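Construct all of the structure, not just a fragment, from the sequences and the given hints.
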Amino acid sequence: IEQKIVELCTANPTGITDKIVQMHVPTVDPSARVAAFNSLLSQGKLEILKQKNQLLYRLKNTEADSKCKGSDREEKVVYKIVEEAGNKGIWIRDIRIKSGLVLTALNKILKNLESKKLIKAVKSVSASKKKVYMLFNLEPDRSVTGGAWYSEQEFESEFVEVLNQQCYRFLVKKLTVAKETSAGDPLLEKNASFASSKEVWEFIKKLGISKVQLSVEDIEMILSTLIYDGKVEKTVVCGSGGGFSSSSRSASSGED
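One point on numbering: in our numbering, the residue at position 33 of the sequence shown is 52, and numbering is uninterrupted.
Don't take every hint at face value.
Said to hold, decoys possible - Think about it this way: if two alpha-carbon atoms lie no more than 20 Å apart in a straight line, the pair counts; the simulated DMTMM-like pairs of lysine to aspartate or glutamate are:
1. K107 x E158
2. K99 x E133
3. K69 x D37
Just so you know, these hints were derived from the structure itself, not from any lab.
This structure is a prediction, so every number in the text was calculated from the model and none was measured.
Dropping the structure here:
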């Protein structure tokens, strides 16, 4: 069980919950899982942290620990504060408040940690002149980088406009085909004109117009702007397994 936990933590570097372990080894008794976690914690192989009201277990960064061995107490405190911020990072002002250090001393510590490649400074789209600090090996959260719509902290308005046009074109074509194949049945035409956000995403992906990897959520953001513009309407349909999925179609149906 301990080996399985280590394997799961290796595959999920941001951490795992007890529920994830339970899913992979359902036959193991809960008390045995707890004992395994405690054993790995006592061996210094795992560390525990709280995130969104749940406990996460993750592999301890032994490389970082070894690099911090020669550091003083204040440097370790700053490292821990940055680590707890995760991939959303933390402003220098907040580090200063939490650590109680004066700015000159804090700046020196941050530079030392950066030189050791333990942390890094990342520009945030929410405040281009400010930086947030996070662990060196983390991929910044989309809220920091701006996701697919930003490049070098600049909003890619032309790229968004191209995606708007292509998503709308796909839905208009879907509506046209629905009209041609519905035999005058308005209900059939309406149902056939809808496309799931995943279908639109697959269409955009096949076009190859994006240099960055887009997610279904990215496309749903584009579809939302088309809805606000009155070009597209949205419905919620019951999917298989009792789930729900959002679908969109061209609003220019020609119906009065």
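Do the hints match the structure? See the list:
Among the hinted pairs, K107 with E158 is consistent with the structure: their alpha-carbon atoms are about 9 Å apart, no more than 20 Å. This hinted pair checks out: K99 and E133 have alpha carbons roughly 14 Å apart, not beyond 20 Å. A threshold of 20 Å between alpha carbons decides the hint, and for K69 with D37 the separation of about 12 Å falls inside it, so the pair holds.
Of the hints listed earlier, there is not a single one the structure fails to meet.
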